[in-house]
Amino acid sequence: MPMKVFNDLADFSIPEVEALLTLATRLQQKPESTALAGKVLAMLFLSPSLRTLSSFQAAMVRLGGGSFVISPDMSIHGLETRSGIVMDGVAAEHLREAIPVISSYGDALGIRAFANRTKLAEDLADTEFNAMRALVPKPLINMESAIQHPCQSLADWKTMDELKVPKKGGKFVLSWAWHPKALPLAVPSATLHMAAMRGMDVTVVRPDGFALPPQIMDKARKAASLSGGSVRETNDRKQALEGAHIIYAKEWMSTQHYGDRVADQKLREELQDWRVDDPWFATAHGDCRFMHCLPVRRGVAVTDRVLDGPRSVVIHEAQNRMWGQMAVLYQMLGPGA
Amino acid sequence: MPMKVFNDLADFSIPEVEALLTLATRLQQKPESTALAGKVLAMLFLSPSLRTLSSFQAAMVRLGGGSFVISPDMSIHGLETRSGIVMDGVAAEHLREAIPVISSYGDALGIRAFANRTKLAEDLADTEFNAMRALVPKPLINMESAIQHPCQSLADWKTMDELKVPKKGGKFVLSWAWHPKALPLAVPSATLHMAAMRGMDVTVVRPDGFALPPQIMDKARKAASLSGGSVRETNDRKQALEGAHIIYAKEWMSTQHYGDRVADQKLREELQDWRVDDPWFATAHGDCRFMHCLPVRRGVAVTDRVLDGPRSVVIHEAQNRMWGQMAVLYQMLGPGA
Amino acid sequence: MPMKVFNDLADFSIPEVEALLTLATRLQQKPESTALAGKVLAMLFLSPSLRTLSSFQAAMVRLGGGSFVISPDMSIHGLETRSGIVMDGVAAEHLREAIPVISSYGDALGIRAFANRTKLAEDLADTEFNAMRALVPKPLINMESAIQHPCQSLADWKTMDELKVPKKGGKFVLSWAWHPKALPLAVPSATLHMAAMRGMDVTVVRPDGFALPPQIMDKARKAASLSGGSVRETNDRKQALEGAHIIYAKEWMSTQHYGDRVADQKLREELQDWRVDDPWFATAHGDCRFMHCLPVRRGVAVTDRVLDGPRSVVIHEAQNRMWGQMAVLYQMLGPGA
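Protein chains in written order, with our numbering: chain A, 1 to 337; chain B, 1 to 337; chain C, 1 to 337.
Some hints could be false.
Remember, identical chains collapse to one label, so a pair may be satisfied in a single copy or spanning two.
In silico EDC-like pairs for lysine to aspartate or glutamate, Cα to Cα no more than 20 angstroms straight-line [to be verified]: (1) LYS181 to ASP88; (2) LYS266 to ASP88; (3) LYS138 to ASP308.
Treat the hints as calculated values from the structure; they're not laboratory data.
Isolated chain A (complex conformation):
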């Protein structure tokens, strides 16, 4: 049965994810350059992108199809997102038209829209993304929303498989990292879930005020209970890093002060030592790898020596974005779909 939505790894069973990864590797090793001949991926970027923007275009070409990109920084008509308003200002087009129109030209639609970061409940419910999703009668790919980033998770899972990072007994440390701005919860949430679903022992380590929301933790615990993994959270970095197979750094906003930029800023100012550096690996597993979804600020979230050193697998992760997404596109639009 063809895939209809790629939104959350939690929508799939473990064998289904593993089948996707097997397909990704197959397409990587044996190109199928006509599989999606004449097929079109429509992409709407309401937030910035480098990897997603590039890798989806490349993925469609590699499968023999093509794509187009719409983003508000182009010379389009200005996009309105609010409901029920009189559009007598700058924006000349409403998303309620733009999304059905764009998706009508594609066989599938990908949407990126980062979190608004004002109301936690809305972002956790992925309210904005789900409102857009309701307008799309076509297969849909979440290219990062307020709380999801399944393409990144698929790539990270594949990367760990290729590096033979253990599933059962593998220690995955998701560490908060310093950043001058309050970033969304999408990647930490998706990453936590992915590692738990992969059967790993996951530790979320973060300063006080940055605990991941209970809904996210509970969802991951449920995944761990099915996979044989485990999930815990702590503010004790020293203890967290002991024996780690993976240190996955990610910057995110204060959940204690969600939507309050000033309080968030005050809290994070003191936390500049949350910069991944060589000593973080002192008590880790000998083969411990450094992971990050990119983009990453050098000298901020991680030092140059870690990022440029042999533990860093960030480019490997990024490359796997393309192969994983090719599997998704193939399942959605390919032969037999």
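Position chains B and C against the provided structure of chain A, taking the given hints into account.
Using the frame of chain A, we list chains B and C on its own:
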């Protein structure tokens, strides 16, 4: 014989347009994903776009070819359009080079350039577009110029055919609609001509000061005389809407004050009740549809309840942009062309 | 053996360049629309482009593959280029990640980055481009760097061949031309080398203060010694133009005041008569052609009457960009590569 220029439906006979629409439907139903293999559509957007930008890219992919887009908002060299000047300012490239260069990379060229809206005679003569056209030795597609928008007309004709809107005896009302800005005459002119050519009884209804130019009306009357349709113009909205099969809303500038933004603004300020709403359909035909080329300002040109209601076919029209354009591209560049 | 880098015509023998041009002509005459099926060209534009941006996209489509473009004016994360800094400012992504990531999605990578124009030695050494090149494990195309523009040279060579401009005994005049800004040395350097390598008698004519650097001249002399051509430099325009088969105009910065915009500006202010005009051709060969890489400022570097006249072959040159690049891509990624 391959099509050389797609600029104006008036350049084609009724059977030729119908053949294009038949081809469009054929390509919609039976994809031909290698018909334009290795073929390139070059596109120059001197004005904003969403549908045209997206649908032409998608169209080329669906036929196995590809495209590229140039627009002044990209990181290009700055485009000069004026003749005979010393280019010692910001712009580093003249359209007189840019157009032949871009078209030399394509098998066909599409150009979008909205009306300057300063001199009516120049816009009616499509002076700027025709100057560019003279520089292009390749098949050319008008992607909306000062006075033409043939791709929209083709899509609208196809949409009405699919909805079984009568040709002979079908009542098509092209109604002026409120908008904060003075918009060009391209869509009303092209739409009027299309409906007349389709054999419908066309009523243009608009406030005083917004009459369509006699050249446009005369051209449409000529088309109607060949098709068995009719064309009239009125400021009496109540009477105009009676028995309508189609209410096609479009915003346009004052022709009485062409080029005079202040006078136009003063006139339109009083006309905010030209917002299509449910009561407009009270005396219309039971199956009356609402059409608009998009983008449309919600709560300005039309209410949410009409646009989101069952009479609205605006997404259907937009989708037909792609299928119609695929037929044009196929006739220009496809097998046998 | 497949081509790994296309950076400098000097990296190739004369027969190798001629073989590339033969391949270019073959692909122009007999399309091979599946040669690069499923292949992806990644392109990074750190500087503006029209021809390169368009022609590479078109080239990939014509060969059955595709491409994607990244440039800082897109909605990406902001690119940092400096080494060893703490990225707590605006830029969220470093080129040290962006380049490997982008190239990982392509089968080859093209990069454009104009000269910084502050330190001559750095620009002559192509320091910035070579630093990026070191990050790319894939085939690489120089789409214009501080001192190279091999795609332009290939196109110009092809154009002269098609126009039957003599190799041995052909007189090629590379003339400095007026421009309000201090432009890089990439095109004059590459053009000089190309004409010398083609076996022509090359004269560089330029005002005092604009002599090409000795390294560039020496490199071209070495090429001329192998090809049977010759290279000389002068400030005597009258003498230089006598008997010319080609007048190739190019604007460039003062080498005497390299990096000193004020001194450069002062010097060039007096040089507005270095505008190619009909009288320049008075003593030239009867068939003398006007060449320029474009973009060109009308009325600044050249008069309209020359640019629009029969001697001008600038559009021919621009079109050959595509065919030449197709040969490069085919050698890098095509059957047998």
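Cross-check of the supplied hints:
{"no.": "1", "hint": "LYS181 to ASP88", "verdict": "between (33 angstroms within a copy, 9 angstroms between copies)"}
{"no.": "2", "hint": "LYS266 to ASP88", "verdict": "between (39 angstroms within a copy, 16 angstroms between copies)"}
{"no.": "3", "hint": "LYS138 to ASP308", "verdict": "between (41 angstroms within a copy, 19 angstroms between copies)"}
Violation of the numbered hints given earlier is absent; every hint is satisfied by the structure.
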